[in-house]
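Student: The lines below spell out each chain.
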Amino acid sequence: MNIIPEIESPLSENYIDFLKELKILLNGFSRNRTIDIKNIIIEQNFGFNAILLCKLISDENPDTAITYSVNMRDKNRIALFSDLITLNQLGLKNIIISEGLHPVKTVFHSAKPVYDIDVIALSSIIKKSKSINHLIENNSNNDLLDNNVVNTEDAAYNIGNFNLGVKIAASTPADMVKIKKLIAVGADNFIINSFTDNIGAIEYIKKEHKNVFIHINELEIGKTFNSLDEAYAKALNLKADGLIIKIVSPKINILKKL
Amino acid sequence: MFLTTRKDIKEIIDAAEKYQNIGIVGCASCASICLTGGSAQVGEMAQALKKEGKNITFTISIDEPCDMRVLKEDIRFIEDNLEHTDAIVVLSCGTGVQTISGLTKKKVITGTNSKYIAKTEHIGEYSPLCRGCDECRLNFTGGVCTITLCPKGLLNGPCEGHNGIKCEVDEEANCIFMTSYANMKNFGEEENIARIFSPRDYSIKIIKKNI
Ligand code: SF4
Ligand code: SF4
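Chains as they are written, first to last, in this note's numbering: chain A, 385 to 642; chain B, 35 to 245.
Quick caveat, the hints were computed from the structure, so don't treat them as lab data.
One or more of the hints may lead you astray.
As the list claims (entries may be wrong) - Now the stretches of chain B that chain A is said to cover, found in silico as 3 or more residues with beta-carbon under 8 Å:
#1 181-190
#2 207-216
As the list claims (entries may be wrong) - Capping the alpha-carbon separation at 20 Å, the derived lysine-lysine pairs in PhoX-like fashion look like this:
#3 A:496 x B:149
#4 A:407 x A:635
#5 A:407 x A:439
#6 A:590 x A:635
#7 B:52 x B:106
#8 A:564 x B:219
#9 A:635 x A:511
#10 B:41 x A:489
#11 B:84 x B:41
These numbers come from a predicted model, not from an experiment.
C-beta: ideal position from N, C-alpha, C; glycine also.
Bound conformation, chain B alone:
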């Protein structure tokens, strides 16, 4: 699940200042689980913008606004309303926002901050587990991601700052290299324990743009 958090309503109102007729799109997938873009949040957003004197042209929850196939299907329900819409407030991750922008060619206003790929413990409790580094090392690290869970994103072992258990940066969390080591030891992966990773190759992150 891609974790998002809600933006301050003031930022959204400021971004919408020049626009009178506003549509609102929610995401019924990840953003709904995070309580940032479900139908309840879409309703709240409509109320907040109405209070600012805006005319709400439509509200819709789309299953996966980041999936162009789904988006094209669902957008047909609001095609007529879109014509009279100046801007769309999108309550999804940044991918959904940009997908909608690309398809509708309308001004889009994001209502969330996109964080990272996370595990859902309960509704309202999420743990970041992946940053999408494009070169997954989980096969060699005891199944825990040191790029995401070490605030320094180190690859080859703990920094000099931990206190034996806890992380130098996030004192409530354990240093992830302790878990990584314990897991590899448990799995008998001596070759992974001794493995030395070369520096990360950031060139692979220069991805082909197709917007």
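This is chain A alone, in the form it adopts within the complex:
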């Protein structure tokens, strides 16, 4: 089972320093433990462009799987499709989508929340669209097109094959319905934000041959969990495929403290 750091793209820090810190994090951690870091998630929030950062990290760490994480709060369908086209052309095929924390819960209280499209609709479009044209056709169709005809002449034009993760809650029957819809539209990875109240959901997702990742914040270590090992053991016990740890700062973080 993997431990996967999730890091927001930096705000003011020089991105070159940030990349150096990441390299230490990736190399240092895999030296010290039996658990390798083979994956890293770069989350777009307010800050340096996360896709650009994913590309830079991927160039420097060809053996590490890089995942771009984006929310529905900040981008409308046009901007999200632009992201998909960019990721596709850069060969970055791992993406995580979430609805995202509402602006009133952030420092940008007055910002207009976008939520033009939700996680299920975008998942469906990502999985059903094989080309840029399909993206456009599917953006407002009542019956999303499931068109498998691929333009073989232009690889960049072909938009399919994203490895799609979705952040979900998993504690209520309404969440279970959402999980079923996401499985129906083809989401690959499910990121659950809690260890508790989710056994049924995890079992269901695993039965459908999809991956489950437990998501925690590094600040929970020492509070909710005595140690990272305890959190890891719990995730392992749940048969999760990975433990995602949101790193608040790449400089001083739980992984480097080990």
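Since the structure of chain A is already known, use the hints to place chain B with the ligands on it.
Tutor: Chain B with the ligands only, in chain A's frame:
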């Protein structure tokens, strides 16, 4: 009922600064229920503007200032006063304000903020229930509006932020998808529970202007 709240009197006084002769129109329908545009509020507004040295040319409460037919009828009562009026303070929703502006061609000053379509529990207690999205989904959502009652306006299910019951954004309210699911389950609407909505079509909101 269309919910409005009162504007700060200072904003109204500032907007009226250049105008000496002022008429005041109230709304005897929604704004009256919300206590923003009833006859009591019209009287209070007249007092406040008089204190600022303004000359009040008329005060009137119109049943539905948003209804051009009613407005045309009622405006006849103040036709003469209108001639000597520089600006009209309107205590109604934005629709009433613009309808009056369109008919009288006078400077209008709104005295309220327009919020949303709401249910009246008691006078002074209102619950928003509809944003007028132009594509009503209540037939498929267990009779509750997730566009209005989910702060993210989601269509296809709860976000990752609820705590099992309460909403991530408004911690005093339940996540509306829990109610939606419970209602649909109760009505045996399995097909609606499984329904996946496509993204909203905002093009239909580009409405024909006829002002
Ligand atoms: S779906 Fe909601 S916002 Fe749209 S018309 Fe119906 S009640 Fe109003
Ligand atoms: S918790 Fe529920 S009601 Fe609140 S923002 Fe999320 S989905 Fe909407």
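Student: If a hint holds in the structure, say so; if it does not, say that too.
Tutor: Checked hints:
no. : hint          : result
1   : 181-190       : holds (count 6)
2   : 207-216       : holds (count 5)
3   : A:496 x B:149 : 16 Å, holds
4   : A:407 x A:635 : 11 Å, holds
5   : A:407 x A:439 : 14 Å, holds
6   : A:590 x A:635 : 35 Å, violated
7   : B:52 x B:106  : 27 Å, violated
8   : A:564 x B:219 : 16 Å, holds
9   : A:635 x A:511 : 36 Å, violated
10  : B:41 x A:489  : 26 Å, violated
11  : B:84 x B:41   : 18 Å, holds
Violation of the numbered hints given earlier is confined to hints 6, 7, 9 and 10; the remaining hints are satisfied by the structure.
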